[in-house]
Amino acid sequence: MSSRIFGSGIRRREDPRLITGSALYTHDITLPGMAYAVMLRSSHAHARITRIDTDRAAAAPGVLAVYTGADIEGALQPVPCAWLLPDSGLKIAPYPCIARDVVHYTGDIVAVVVAEELPQAHDAVELIEADYEPLPAVTDPEQAAGADAPQLHAKDVNGDDIAGNQAFHWTVAGGDVDAAFAEAEADGVVIKERILQQRLIPNAMEPRGAVAQYNRATGELTLWNTTQNPHIVRFLCSVVTGIPEDKLRVIAPEVGGGFGSKIAVYPADFITVFCSKQLGRPVKWIETRSENYQATTHGRDHVQDVELAATKDGRITGLRCTVHAGMGAYLSTAAPGIPTILHGLMLSGCYTIPALKEDVYGVYTNGVPVEAYRGAGRPEATFMLERLIDVLAGELGMDPADVRRRNFIPKFDDGHEVITTLNYDSGDYPGALDKLLDHTGYQALRERQAAGPSNGKYLGLGLSSYVEICGLGPSQVAGAIGFQGGLWESAIVRFHPTGKVHVFIGASPHGQGEETTFAQIVASEIGVDAGDVKIFHGDTDATPMGWGTYGSRTTAVGGAALALAVRKIRDKAKVLAAHLLEASVEDMDYEDGKFFVKGSPDKSKTIQDIALMANVAWDLPEGMEAGLEASTFYDPPNFVFPYGAHLAVVEVDAATGQVDLTGYTALDDCGPQINPVIVEGQVHGGVVQGIGQALWEGAAYDDSGQLVTGSMLDYALPRADLLPPIDVISTVTRSPHHPLGVKGIGEAGTIASTAAVYNAVIDALKPLGVKRIDMPFTPERVWRAIQEAKGS
Amino acid sequence: MFAANFEYHRAGSVAEARQLLAAHPGAKLLAGGHSLIPLLKLRLAAPEAVIDIGRIGELRGISNGGGALRIGALTTHAEIASSDAVKSGAAALAEAAGLIGDPAVRNRGTIGGNVAHADPASDLPTVLIALDATFTVNSPDGERSVSAADFFQGMMATALGEHDILTAVNVPAGGGGSAYVKFSHPASRYAVVGAAASLTVAGGTCTSASVAVGGATAVPARCASVEAALAGQALSADVIAAAAAAAGGDLGDDLLGDVFASGDYRRAVTPVYVQRALAAAAERAG
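The listed protein sequences derive, respectively, from chains C and E. Quick note: the first sequence uses our numbering, first residue 1, plus one each step. Quick note: the second sequence uses our numbering, first residue 793, plus one each step.
In short, the hints are calculated from the structure, not lab data. Every value quoted in this text rests on a predicted model; they were computed, and no experiment measured them. Be aware that a few hints might be false.
To give a feel for the contact side, a few chain C residues facing chain E, derived at Cβ under 7 Å [stated by the list, open to error]: (1) Pro119; (2) Thr288; (3) Thr656; (4) Trp696; (5) Thr778.
Pulled from the structure, derived: some chain C residues nowhere near chain E, Cβ distances all over 10 Å [as the list claims (entries may be wrong)]: (6) Arg17; (7) Leu24; (8) Ala655; (9) Asp714; (10) Leu722; (11) Ser730; (12) Pro779.
Ideal Cβ placement from N, Cα and C applies to all residues, glycine included.
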């Protein structure tokens, strides 16, 4: 296989096992003597537990044990928050694995039943008598920050007071924002928008679960877990359960998607470990889909008040915003970093913005804890900017594309520092937009729109230009921003005597197809067939340390580690080849898996020849170690910054408010594409999730904190028959600092598409005077906006 | 989730089902299972016994005779949607059956189970009311026939007694045209508003009109004022639009609403769907 494998859309090697049902998920793990755990979750959003009587449950058929908050006291530490946001007054509320006194959301665990059979555990849970004294609840982040709001937590983990439900107050600022606004008010334009980034439920296809097997004889624990980052689980499981890291093995078997919801560590998983330890038997816990809605982390939940200052000819001079970010009942593992670092630092977007300031208030609410959700902070930043630009365009009577052009950072290929202090790596934002507009016939669409509605249907066009921060990231930066871990990745590459390759990698793909792309990296770097490369991941005993798969970092960071490890092998192979060919190393050349003396390509050693000799070690140069293996730890020098421009086309039926998405084009630049078919798949999935936020998805609580959208009957996920074909195009801009020049593509679609669809719908309704609608755009909301605009 | 424990009995015939019903008070009949099984799994229903009538062959199939279609209670939505007899004799019913849920639901779910469950957001009750269907019910006292207007009595409530077994649905296969147009909930695929219309036309003039709207009220509503506005009129787009405009008023005062669509909104958009159903029915009526 030649180096041309890089860039080839070969089929995903993961697919046969996924499609035929032979993949092994956590739920498929069945062990001798295994018992089953079911959690009793609070039915109240906020209440004091006045009594728990477990006697009847404990006496029920098959029940092995029932544990409550009192039983885990001392055995399970509170669930830790692992992103200690600096300079933000961070107050971490105690997050017990089992609530003992007060429950803080419908879903808080109050007891666990372990039984011989799963149905027995379900039956017994119903026999637990739990009495509550209900307390007032609040689920809206802005209301929760208000003076009259019910207070969730009196003290944080250090015993300090938590006032106003405030978990943190974080600020980013640059330039003289007040002066910019003063000037714009005097002789320019100031626009204000209120944006609600509603709560979303991640809906990974596989719900969460754990199988814990504690061996009393050895004191060792094996934990099969639906996680995006098994090494972080090992680390934090050790902290919570006290089982030393060396005796703890975490396996992420096949993991059916995560979208951020499988980054966090969860009470139920630690409780499962506790049960196994107590009973000396393997214990399985798998959440139901209802439980997934009720207790697995949600995403977004921002209330954004935004102001933009601009000149009369459409140049942005300042951005000022206040965000109330709902954190839910407790701070999930990475939660504080999402609406701050991953959001606030991206507020300059693709544009030159000379001054900005953002205040982010992280607020406790009686909702499910909020975590990363595909895009994690960046969609909320992109949306803010892209919406404001369209509003500005409307205010000035300009085409939204022109306002973008007027403010874009000019093309750059080796670093550009923006006002938030980030140093973007490379980009051509005007080029991306121009190509998108050409490709889609934007002008012709505008002309069609100008002809007016047809059959009561209004045509709308929505643009969204984005840049995102990916490839997290330099570990030194991780430390500076309070992330309680590193952000490097490692890889071990091992050649066997026959030239077959094993790769052990710390990253933990769970649906993204990196077993395929990683094999392509190896193949292209050293000329073996991609089919000869096996990728091992997701087992802390079998793979080197890694920090997980999220933030579009796996190919960008893990892939770089892998490429560098293969290059080390190439260097060693070259020395060995020179020795075997009786040439000096300086005279050696390499191409497509062959090492040869410069100018004599017919006299060569293949990588397979070298692998055999290195392994048998019969004839090695003086001082060379046997074997052909290398490992690297790649700590990126900077983040990578993929970007792009999307266009959504909609038709809105004014009579009913129904929105029909009739066209969607995504232009994304993730650098050189290792496998364009996988890139296209990632764009499709990402775009659809972003469309889902605009049109259908939204977790809703009632006034008492009950989740109204508690199942797929009420929570609308995107369906194929509601979507147009998605046209995927690209440009290619290398990252200057990356060994392969690649960036990341996992989240791009989601980051761009929500704003594109939102802008398109408002654009369609412009003739009717509609200016804003809260997401999701249910037909009723759209219809009401039209009625209100008609009335005014 | 798992259902609470229950006894399972399978009936091989209607007579056996009757005996089992008598022997197990409070038992639930199981047909295609697409309404009952979710209720059991969520533990919203916990009968002591479930009597599976799903394999009783005599309850399945579509026959055409005497100007009416006889549709066995166990006939699946997919069978109805693809039946030539239904498509030509009662197009609205085929159309509605084809819009239920997804292929898996349509391949298992049955017309009898659907109407016996009487979900207000379901499609078939609306169509069956508009088409003046009758329901054949096997009861301890013998067989009886119940009109659609009498069959649906409230939200999840029908004329079926505890010992009754619905055996067939009879639909007049008229010479006119009928259509069903649905505003689907994007998640559940149930009807937020579903409009069924049946028209007979002679020489361009509407000789009879029957219109029902489901999804908005506990029981699908007959739209008497729309029907009255059409009867005897030469059918044109304007006449249809004017007649449909009255549909909201036919829904009464108690409208269903939820987080997705309020009652007021359902009422406001009802004319749009009624108008579309009428236009399609008029075209089919020729």
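Hint-by-hint comparison with the structure:
About 5 Å separates the beta-carbon of C:Pro119 from the nearest beta-carbon of chain E, less than 7 Å, and the hint is met. Among the interface hints, the one on C:Thr288 holds; its C-beta lies about 6 Å from the nearest C-beta in chain E, closer than the 7 Å criterion. Given the 7 Å rule on beta carbons, the hint for C:Thr656 holds: about 5 Å separates it from the nearest Cβ of chain E. Satisfaction of the interface hint for C:Trp696 is found here, the shortest Cβ-Cβ separation to chain E being roughly 5 Å, below the 7 Å cut-off.
Because the closest C-beta pair between C:Thr778 and chain E is about 6 Å apart, less than 7 Å, the hint holds. At roughly 23 Å from the closest C-beta of chain E, the C-beta of C:Arg17 stays outside 10 Å, upholding its exclusion from the interface. Under the 10 Å C-beta cut-off, the non-interface status given to C:Leu24 relative to chain E holds; the minimum distance is some 23 Å. With 10 Å as the threshold on Cβ separation, the claim that C:Ala655 sits away from chain E is violated: the shortest Cβ distance comes to roughly 5 Å.
Here C:Asp714 does not stay apart from chain E, with its beta-carbon only about 6 Å from theirs, under the 10 Å limit. For C:Leu722, the requirement that its beta carbon stay farther than 10 Å from each beta carbon of chain E is not met, with the minimum near 7 Å. With a least CB separation of 30 Å from chain E, C:Ser730 remains clear of the 10 Å interface cut-off, as annotated. The claim that C:Pro779 lies off the interface is violated: its Cβ sits roughly 7 Å from the closest Cβ of chain E, which falls inside the 10 Å cut-off.
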